[in-house]
Amino acid sequence: MNRNQWLSEQARGWKERGIISGEQFCEIVAGYPIKPSLSPTRIVFVFAALLVGLGVILFFASNWQELPKVLKLSLIYTAIVLAYYSGYKLYFEKASPGLGFGLIFLGNLFFGAGLWLTGQMFHILSFNSNGFLYWFLAAALLAYIMKSALFMGLAVILLSIYGVSGAVIYSDYLFYYICLAAVVFPFLYFHKTSPLTAFSLASLTVVFLATFLNTGITPWFISIILLGLAMTALGQFSYRLIPEYVPILQGFGMALGFLGAVALIFSGENWLPINTDRFPFYLTLHIILLVLAALPVLLKKAPAASLSVLTVFLPAFALQLPPGISLDVVSVVILGLFGIALIFAGNALRAMYLINQGCVYFMLTVVLAYVHHAWGFMPKSLFFTVAGILLFLAAFLIEHRRRKLITQLKEELAG
Amino acid sequence: MRTIFGKAGLKEKFVIVVAAQILFLIVIALSRFWIIHTGEIVLLKTAPVDPRDLMMGDYVNLSYEISTLPDNIVHREQTGRKLQSDDRQQIKQNKAVYVVLKPQGKYHVARGAYLQKPALKPGEVLIKGRCLYDWGQGVMVFYGIERFYVPEGKGLEIEQLPNQLDVQVKVSSGGDAVIHRVFVNGKELPFS
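Taken in sequence, the protein lines are chains A and B. Under the working numbering, residue 415 is the last one in the first sequence; the count climbs by one each step, no gaps. Under the working numbering, residue 1192 is the last one in the second sequence; the count climbs by one each step, no gaps.
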């Protein structure tokens, strides 16, 4: 049972005992809607459905060619109808919602199998991956009807396959972004499931990177820096509208920014954006996104301390550095400052997740700096020994500071 | 979000979505059956394939003589004007191309290819394809009949034979093609 379900039941008890009125009960329940739950039972039923589905497919596949086409099609349609009908009966008529859900899930898997088997039967070959798109639409529609994060998770997987194959093989990826924005994002907005949001953002990152790589534009890590900055900017704008999504959007955005910065540090001179003919375009886009990300703070729609998340996106790559100062040293310093800034921002905003992330990023920066600079000149045994000692020290200091801050925060919140 | 529809509405919507899925599969199958039963029969010669690449898993990759169309038969318009060098920008990936097939012996061969649907002479068949790319002296065209599925384990029989594959396709009046029968050295494969 999730928190909102618990509250709903408690509120019902209060109403019955006369502690609150009927109107107050409705207000409480409306303020804490029950979200689609990822109950363990449902997950088990889904896995069971996957295994049965696989077994059935393999059985028919091994004897498939001997059957006439009409019989093959009849078997496919019968399997789909049976799975959906029995699932409908058990789910909607409440006899066994968990089992019913699993059967409906199986029905959707049979639909996908039906698409492929029909294509195989008639030797259909298309120069696109639209089969995954049709399957995605079916799963997404069921997700909306049943308010199911699991179904939407399946839909996101199918859409991701469509997106990656479209980007890499067919150079046809626009529809992926349209479907993500028009179908998946509204579901996330209305149902607010953090794991599914993170999963969808991961899908977007993978497809975006695949699209970028397929276009042959270099350097590749510019794509994730810009995508990370866009996500962070969106997180900044979300403080008022969807505050629940601020940590996920910013977290993902910062992770991509950090990854891009690390790639920049290790990439070497030839891969620097400043050495490419698209540099003015990159820099302009980068600055526009930075300004957009800072705008909510200027308009007082986001706290000033939230600007710390943008530290990782400072465009060090655009700097014309004097001789003797290398870009990778400047970048490492910026990453270190980024970790520290997050810790202070977390303290100011009473956000434990920022403190934790700041500690992690600072530690990673220390490791990164050490590996990048010490690998070349130290004997390897000494390198690893010193690395271990430094890591112990850094971990001890950071953890000590982190616990102190979190204890302080908890006391303030409790008080 | 509060559900916009009542519970009864959800059940009906569920039924509609499920029915749409089944209907979709039926339409795909019916459209292919329609082509098989009403389409023109065309026998196509496959282009030589590297025996080592013939089999990929449980299907056969097919390449036809009509898959590569030289410049001298590719027309920009129905007027018959041949493809000029500055027309190359017209040939973009995935652009539709209409190929006119004429009988030559037991096979059908490409007589002309057009970027708009042309008129046909008696005995000719129109097949629709998509441009894959421009290979400098012509275009590579994809017709959707470049793969033929075989049962697992049966592929070895095909691999071990000297490869002359002929493919009989059924082509609808709109130019859509479906593989109907496959012949290896004149002998029909039993699992077409």
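By construction, these hints were calculated from the structure, which means they are not laboratory data. Some clues are possibly wrong.
Using 30 Å as the maximum straight-line C-alpha spacing, the simulated DSS-like pairs for lysine-lysine come out as follows [unchecked claim]:
1. A:Lys72 - B:Lys1170
2. B:Lys1013 - B:Lys1121
3. A:Lys192 - A:Lys301
4. B:Lys1187 - A:Lys89
5. A:Lys72 - A:Lys15
6. B:Lys1045 - B:Lys1011
7. B:Lys1117 - B:Lys1102
8. A:Lys69 - B:Lys1187
9. A:Lys147 - B:Lys1102
10. B:Lys1013 - B:Lys1106
11. A:Lys94 - A:Lys301
12. A:Lys69 - B:Lys1045
13. B:Lys1102 - B:Lys1013
14. B:Lys1117 - B:Lys1170
15. B:Lys1121 - B:Lys1106
16. A:Lys192 - B:Lys1013
17. B:Lys1117 - B:Lys1106
18. B:Lys1013 - B:Lys1095
19. B:Lys1095 - B:Lys1187
20. A:Lys15 - A:Lys94
21. A:Lys15 - A:Lys300
22. A:Lys72 - B:Lys1128
23. A:Lys72 - B:Lys1121
24. B:Lys1013 - B:Lys1045
25. A:Lys89 - B:Lys1121
26. B:Lys1117 - B:Lys1187
27. A:Lys69 - B:Lys1121
28. A:Lys94 - A:Lys192
29. B:Lys1117 - A:Lys72
30. A:Lys192 - A:Lys69
31. A:Lys15 - B:Lys1045
32. A:Lys147 - B:Lys1011
33. B:Lys1095 - A:Lys300
34. B:Lys1170 - B:Lys1128
35. A:Lys69 - A:Lys147
36. B:Lys1121 - B:Lys1102
37. B:Lys1013 - A:Lys94
38. B:Lys1011 - A:Lys94
39. B:Lys1170 - A:Lys192
40. B:Lys1095 - B:Lys1011
Keep in mind it's a predicted model, so treat the numbers as computed, not measured.
Cross-check of the supplied hints:
1. Only pairs whose Cα atoms come within 30 Å are accepted, and Lys72 (chain A) paired with Lys1170 (chain B) is accepted, the gap being roughly 21 Å.
2. Between Lys1013 (chain B) and Lys1121 (chain B) the alpha-carbon distance is near 50 Å, which puts this suggested pair outside the 30 Å criterion.
3. A hinted pair counts as satisfied when its Cα atoms are at most 30 Å apart, and Lys192 (chain A) with Lys301 (chain A) qualifies at roughly 21 Å.
4. At roughly 51 Å between alpha-carbon atoms, Lys1187 (chain B) and Lys89 (chain A) are farther apart than 30 Å, so this suggested pair is violated.
5. Using a Cα cut-off of 30 Å, the hinted pair Lys72 (chain A) and Lys15 (chain A) is violated, with the two alpha carbons roughly 57 Å apart.
6. For a cut-off of 30 Å, the pair hint linking Lys1045 (chain B) to Lys1011 (chain B) is broken: about 52 Å separates their Cα positions.
7. The hinted pair formed by Lys1117 (chain B) and Lys1102 (chain B) meets the criterion: a straight-line CA distance of about 16 Å does not exceed 30 Å.
8. Between Lys69 (chain A) and Lys1187 (chain B) the alpha-carbon distance is near 22 Å, which keeps this suggested pair within the 30 Å criterion.
9. Taken as a hint, the Lys147 (chain A) and Lys1102 (chain B) pair is broken in the structure, with Cα atoms around 56 Å apart against an allowance of 30 Å.
10. Restraint check for Lys1013 (chain B) and Lys1106 (chain B): not satisfied, since their Cα atoms lie roughly 53 Å apart, outside the 30 Å limit.
11. Among the hinted pairs, Lys94 (chain A) with Lys301 (chain A) is inconsistent with the structure: their alpha-carbon atoms are about 45 Å apart, more than 30 Å.
12. Note on Lys69 (chain A) and Lys1045 (chain B): the hinted pairing holds, with a Cα-Cα distance of about 26 Å set against a maximum of 30 Å.
13. Distance restraint check for Lys1102 (chain B) and Lys1013 (chain B): the Cα-Cα separation of roughly 50 Å exceeds the 30 Å cut-off, and the hinted pair is therefore not satisfied.
14. For the suggested pair Lys1117 (chain B) and Lys1170 (chain B), the alpha carbons sit about 19 Å apart, so the restraint of at most 30 Å is met.
15. A hinted pair counts as satisfied when its Cα atoms are at most 30 Å apart, and Lys1121 (chain B) with Lys1106 (chain B) qualifies at roughly 18 Å.
16. Of the pairs offered as hints, the one joining Lys192 (chain A) and Lys1013 (chain B) holds, with about 23 Å between alpha carbons and a cut-off of 30 Å not exceeded.
17. Taking the CA atoms of Lys1117 (chain B) and Lys1106 (chain B), the gap is near 25 Å; set against the 30 Å cutoff, the hint holds.
18. With a CA separation close to 37 Å, the supplied pair Lys1013 (chain B) and Lys1095 (chain B) exceeds the 30 Å bound.
19. Restraint check: the Cα-Cα separation between Lys1095 (chain B) and Lys1187 (chain B) comes to about 35 Å, which exceeds 30 Å; the hinted pair is violated.
20. For the given pair, Lys15 (chain A) sits about 26 Å from Lys94 (chain A) by alpha-carbon distance, which is consistent with the 30 Å threshold.
21. With a C-alpha separation of about 40 Å, the suggested pair Lys15 (chain A) and Lys300 (chain A) falls outside the 30 Å cut-off, and the hint is violated.
22. Proximity of Lys72 (chain A) to Lys1128 (chain B) is assessed by CA-CA distance (about 28 Å); at most 30 Å being required, the pair is judged to hold.
23. As the CA atoms of Lys72 (chain A) and Lys1121 (chain B) are separated by approximately 39 Å, the hinted pair breaks the 30 Å bound.
24. Among the hinted pairs, Lys1013 (chain B) with Lys1045 (chain B) is inconsistent with the structure: their alpha-carbon atoms are about 49 Å apart, more than 30 Å.
25. With a CA separation close to 58 Å, the supplied pair Lys89 (chain A) and Lys1121 (chain B) exceeds the 30 Å bound.
26. With a C-alpha separation of about 35 Å, the suggested pairing of Lys1117 (chain B) with Lys1187 (chain B) is violated against the 30 Å cut-off.
27. Under the criterion of a C-alpha separation no larger than 30 Å, the hint pairing Lys69 (chain A) with Lys1121 (chain B) is inconsistent with the structure, at around 35 Å.
28. Annotation: proposed proximity of Lys94 (chain A) to Lys192 (chain A) holds, straight-line Cα distance about 25 Å (limit 30 Å).
29. A distance of roughly 36 Å separates the Cα atoms of Lys1117 (chain B) and Lys72 (chain A); the hinted pair therefore is violated under the 30 Å criterion.
30. Note on Lys192 (chain A) and Lys69 (chain A): the hinted pairing is violated, with a Cα-Cα distance of about 45 Å set against a maximum of 30 Å.
31. Proposed proximity of Lys15 (chain A) and Lys1045 (chain B) is contradicted: the alpha carbons are some 80 Å apart, above 30 Å.
32. As the CA atoms of Lys147 (chain A) and Lys1011 (chain B) are separated by approximately 13 Å, the hinted pair is consistent with the 30 Å bound.
33. With a C-alpha separation of about 51 Å, the suggested pair Lys1095 (chain B) and Lys300 (chain A) falls outside the 30 Å cut-off, and the hint is violated.
34. Only pairs whose Cα atoms come within 30 Å are accepted, and Lys1170 (chain B) paired with Lys1128 (chain B) is accepted, the gap being roughly 12 Å.
35. Between the alpha carbons of Lys69 (chain A) and Lys147 (chain A) the distance comes to roughly 36 Å, so the proposed pair goes past 30 Å and is violated.
36. For the proposed pair Lys1121 (chain B) and Lys1102 (chain B), the alpha carbon gap of about 9 Å is at most 30 Å, so the pair holds.
37. Taken as a hint, the Lys1013 (chain B) and Lys94 (chain A) pair is honoured in the structure, with Cα atoms around 17 Å apart against an allowance of 30 Å.
38. Between Lys1011 (chain B) and Lys94 (chain A) the CA atoms are separated by roughly 12 Å; this keeps the pair inside 30 Å, and the hint holds.
39. As the CA atoms of Lys1170 (chain B) and Lys192 (chain A) are separated by approximately 51 Å, the hinted pair breaks the 30 Å bound.
40. Proposed proximity of Lys1095 (chain B) and Lys1011 (chain B) is contradicted: the alpha carbons are some 42 Å apart, above 30 Å.
Checked against the numbered hints given earlier, the structure breaks hints 2, 4, 5, 6, 9, 10, 11, 13, 18, 19, 21, 23, 24, 25, 26, 27, 29, 30, 31, 33, 35, 39 and 40 and satisfies all the rest.
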